[in-house]
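> Protein sequences appear in the order of chains A and B. Per the numbering used here, the first sequence runs over residues 1 to 190. Per the numbering used here, the second sequence runs over residues 1 to 81.
Treat the hints as calculated values from the structure; they're not laboratory data. Just to be clear, a hint being listed does not mean it is correct.
[Claimed, not checked] Examples of chain B residues toward chain A, derived with CB under 10 angstroms:
| id | residue |
| --- | --- |
| 1 | A16 |
| 2 | C18 |
| 3 | S27 |
| 4 | G57 |
| 5 | T58 |
| 6 | Q59 |
[What the hints assert, rightly or not] List time: in silico SDA-like cross-link candidates among lysine to any residue, alpha-carbon distance up to 20 angstroms:
| id | chain 1 | residue 1 | chain 2 | residue 2 |
| --- | --- | --- | --- | --- |
| 7 | B | K14 | A | D129 |
| 8 | B | K14 | A | R124 |
| 9 | B | K79 | A | G68 |
| 10 | B | K79 | B | T8 |
| 11 | B | K24 | A | D70 |
| 12 | A | K41 | B | G60 |
| 13 | B | K79 | A | M143 |
| 14 | A | K40 | B | A56 |
| 15 | B | K24 | A | T130 |
| 16 | B | K14 | A | E135 |
It should be emphasised that the depicted structure is a prediction, and the values quoted were computed from it without experimental measurement. We put the CB at the ideal spot given by N, CA and C, even for glycine.
Below are the chains, spelled out letter by letter.
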Amino acid sequence: MSTDTPDAPADDTPSRAELAARVDELEESLAEATAQDDEKKMSIIATKGTLDMAYPPLILASTAAAFGYDVTVFHTFWGLDILHKERSKNLKLSSVGNPNMPVPNAIAALPGMDRVTTKMMERRIDDNDTATIEELLETSLDMGVEFQACQMTIDLMDYDEEEFYDGVTTGVGAATALQDMVDADIQLLV
Amino acid sequence: MSTEFNVTETLDVKGASCPMPVVKTKSTIDDLGEGDILEVLATDAGSMSDIDGWTAGTQGVELVEQEEGKDVYKHYVRKTE
Numbered sequence: 001m002s003t004d005t006p007d008a009p010a011d012d013t014p015s016r017a018e019l020a021a022r023v024d025e026l027e028e029s030l031a032e033a034t035a036q037d038d039e040k041k042m043s044i045i046a047t048k049g050t051l052d053m054a055y056p057p058l059i060l061a062s063t064a065a066a067f068g069y070d071v072t073v074f075h076t077f078w079g080l081d082i083l084h085k086e087r088s089k090n091l092k093l094s095s096v097g098n099p100n101m102p103v104p105n106a107i108a109a110l111p112g113m114d115r116v117t118t119k120m121m122e123r124r125i126d127d128n129d130t131a132t133i134e135e136l137l138e139t140s141l142d143m144g145v146e147f148q149a150c151q152m153t154i155d156l157m158d159y160d161e162e163e164f165y166d167g168v169t170t171g172v173g174a175a176t177a178l179q180d181m182v183d184a185d186i187q188l189l190v
Numbered sequence: 001m002s003t004e005f006n007v008t009e010t011l012d013v014k015g016a017s018c019p020m021p022v023v024k025t026k027s028t029i030d031d032l033g034e035g036d037i038l039e040v041l042a043t044d045a046g047s048m049s050d051i052d053g054w055t056a057g058t059q060g061v062e063l064v065e066q067e068e069g070k071d072v073y074k075h076y077v078r079k080t081e
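This is chain B alone, in the form it adopts within the complex (with noise of 0.2 angstroms):
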């Protein structure tokens, strides 16, 4: 992988669909720190939108990347607080 920055944790909600990729990433961020990174790895097509639109509605998180792969989506959140 081309990242240019480290993954704290991953996160799997592959087969999971709307609301649970978000609901379990805020979850799983909750109990991260600051300047972490979490991987969220999800098959839901909407996750793109969700994620990006959940990172840019709530405090404390960015989002740093989303890559669509062939078979999954992948989603970098940084905490920031």
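Pulled out of the complex, with its shape left as it was, chain A reads as follows (with noise of 0.2 angstroms):
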């Protein structure tokens, strides 16, 4: 058995009140942590401008905002179009490179093909009662979404900011979309 006394304070042992200090920083920080903690956060990166890419970024978005998450979309190339406001109303489809179609690659490839597989899916959505691309963003932002245009592709695209919804943020770039990543607790690029 060890004859050592542990317990017996050293010369080097901090004093109550030190102690007090301590646990009192501690208690601060923790504090702040779980508070920051509470705060969901999710940051998409949307990138394609096909009928069908549209709608999982939105649908996502909407749904988290539902879950109470503050939520980022970061638009960036073909992206762009879903929050351009001529644009976003004639999205298309095309059958091209989608095996998963009924329509062939040799004959999608035609002209007035894509117009086609468009219809096609407007129709469906329609029947559906599937919302628009134009309702889900709305109701995105109404819902308080933060939709980005990326600044850099705005310029390469020669869009005008103007020509996006009212509520869209531009003038971000890639080190904006990064932060938003850096603390988000969901990423997502589509």
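Please assemble the complex out of the two chains, which come individually in their own frames, going by the hints.
This is how it looks when you write it as structure tokens:
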């Protein structure tokens, strides 16, 4: 058995007051950390502008907002078209390169076929009472989702800021998106 | 109806499909008070799982009951805070 007395105070033992101060300090930083955790965040990067690929980011964004998430969707390249007032109403669907579609590639590649495929999908969307892209976007904006339009691709595509829906944030770049992703609990690239 | 609770308001989302039943439930319940119960009428078969998942993952709401009727799915959600 050891005869050491570990409970006995040594010379460098902190005083009660010092310990109390340290406890207060730790409690404060714990409260801070817990408070930050309460705010759930989701960050989506939307890169596609076809009719089918415009849906997932908007459905997830509006649903996450309903769950109380603070949602940011960063739109870049063709994803910008989802935020474009005119182009968002005319998103296209192509059968080319999509083996799940009933039209063979050789026929799908003929002029005018994208319009046919798009009409077919639009009719289905209408028949099923599926929300339109515009409805989902407006709903998401109402729920506080932040939609960002990548400045570099706005310039590249020669779009005008006025052409986007009201409430869309412009003048942002990759660093903004990255910072959102760092802070987010869920990060998705669509 | 044999429910033992009082419905404060009814939301009709019949015909609407994902994600609208959940999204509209959320928007409607935001305007209700603590303890109020919202009845949601939906035809979307996915709403059974979606409303259940939404109430489980969201603060301030709880699922009271769900009924799978013949043509309509009924959900009862209480606002808890």
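> Evaluate each hint against the coordinates.
A quick look at each hint next to the structure:
no.: 1; hint: A16; verdict: 6 angstroms, holds
no.: 2; hint: C18; verdict: 7 angstroms, holds
no.: 3; hint: S27; verdict: 7 angstroms, holds
no.: 4; hint: G57; verdict: 5 angstroms, holds
no.: 5; hint: T58; verdict: 5 angstroms, holds
no.: 6; hint: Q59; verdict: 6 angstroms, holds
no.: 7; hint: B:K14 - A:D129; verdict: 10 angstroms, holds
no.: 8; hint: B:K14 - A:R124; verdict: 17 angstroms, holds
no.: 9; hint: B:K79 - A:G68; verdict: 14 angstroms, holds
no.: 10; hint: B:K79 - B:T8; verdict: 10 angstroms, holds
no.: 11; hint: B:K24 - A:D70; verdict: 17 angstroms, holds
no.: 12; hint: A:K41 - B:G60; verdict: 18 angstroms, holds
no.: 13; hint: B:K79 - A:M143; verdict: 18 angstroms, holds
no.: 14; hint: A:K40 - B:A56; verdict: 15 angstroms, holds
no.: 15; hint: B:K24 - A:T130; verdict: 14 angstroms, holds
no.: 16; hint: B:K14 - A:E135; verdict: 17 angstroms, holds
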